[in-house]
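Protein chains: 2
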Amino acid sequence: MQQRLSLVTLGVQDLPRSLQFYRDGLGWQPSSASQEEVAFFQLGGMVLSLYSRASLAEDATVDPAGMGFSGITLAYNTRSRDEVDAVLQLIEQLGERIVKPAQDVFWGGYSGYFADPDGHLWEVAWNPFWTIDDAGQVLLPS
Amino acid sequence: MQQRLSLVTLGVQDLPRSLQFYRDGLGWQPSSASQEEVAFFQLGGMVLSLYSRASLAEDATVDPAGMGFSGITLAYNTRSRDEVDAVLQLIEQLGERIVKPAQDVFWGGYSGYFADPDGHLWEVAWNPFWTIDDAGQVLLPS
Chain A
7 MQQRLSLVTL
17 GVQDLPRSLQ
27 FYRDGLGWQP
37 SSASQEEVAF
47 FQLGGMVLSL
57 YSRASLAEDA
67 TVDPAGMGFS
77 GITLAYNTRS
87 RDEVDAVLQL
97 IEQLGERIVK
107 PAQDVFWGGY
117 SGYFADPDGH
127 LWEVAWNPFW
137 TIDDAGQVLL
147 PS
Chain B
7 MQQRLSLVTL
17 GVQDLPRSLQ
27 FYRDGLGWQP
37 SSASQEEVAF
47 FQLGGMVLSL
57 YSRASLAEDA
67 TVDPAGMGFS
77 GITLAYNTRS
87 RDEVDAVLQL
97 IEQLGERIVK
107 PAQDVFWGGY
117 SGYFADPDGH
127 LWEVAWNPFW
137 TIDDAGQVLL
147 PS
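Heads up: the protein sequence lines correspond to chains A and B, in order.
Sequential numbering of the first sequence, starting at 7, is according to the numbering used here.
Sequential numbering of the second sequence, starting at 7, is according to the numbering used here.
Treat the hints as calculated values from the structure; they're not laboratory data.
Worth double-checking, as some hints may not be accurate.
Copies of the same chain are indistinguishable here, so a pair counts whether it falls within one copy or spans any two.
[As the list claims (entries may be wrong)] Here are the simulated SDA-like cross-link-like pairs (lysine to any residue), alpha carbons at most 20 Å apart as the crow flies:
#1 Lys106 with Leu96
#2 Lys106 with Glu64
#3 Lys106 with Gly72
#4 Lys106 with Leu13
#5 Lys106 with Gly74
#6 Lys106 with Gln95
Chain A extracted, bound-state conformation:
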């Protein structure tokens, strides 16, 4: 199994509502491979997918019931400290929920969290020890 990840799928209650956030709000462009019931966004070399939460559970053959903390977070790393504030301001303007206002954190960075329309948690973080290349890739030392 190669060291890679192809796709992250976020289960959503209402795809048009989620598209309003990711496409219209954040300005992300869905791939033309998207269909009526699923949206795909190219994120670097991988894909973010939005799909009905119930259908996703059905596809995985698991019980769709679930509540509370999902145990998974996504992170968007910025190139500067100010950019964390800018992103969280955008989220607030879009009417989404700031879960943790941006603040200095114990590992030496500056970060906050927001929730997408389905409560999926995104951290927005400036990590002064990590670099982001021109293509937006985060490249760690091997």
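With chain A held as given, fit chain B onto it using these hints.
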């Protein structure tokens, strides 16, 4: 907000146990940026992180309680149908749980699901309509 994802963090109950799976089982190489309480894996241009579930909830300032379906799945796309079987065989040999045996699926591909030691769901999928480049990137039409 650029169209990219920097990091996916999986909350884990027992980091050594998770490392046993991802590092020793799958053969993935942790970055030297990893520390005692957090492991980082470079996956293409982004990073997978393993971190205590309780600490992750604390970092996000959310209640750590949660149960059932997380509403998020990860997917590993293969270059062939046979490779799906091979990956799921490896998972079985490692003693992890096959959630859905590999099978033909409605969208024209072949896929199955497994759960990692914390129940995080991974789909292993062959999608004949998507290509994976030499670097392992999934590139969709814009």
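Hint check results:
no. : hint              : result
1   : Lys106 with Leu96 : within (14 Å within a copy, 39 Å between copies)
2   : Lys106 with Glu64 : between (32 Å within a copy, 11 Å between copies)
3   : Lys106 with Gly72 : between (23 Å within a copy, 19 Å between copies)
4   : Lys106 with Leu13 : between (26 Å within a copy, 18 Å between copies)
5   : Lys106 with Gly74 : within (16 Å within a copy, 24 Å between copies)
6   : Lys106 with Gln95 : within (12 Å within a copy, 41 Å between copies)
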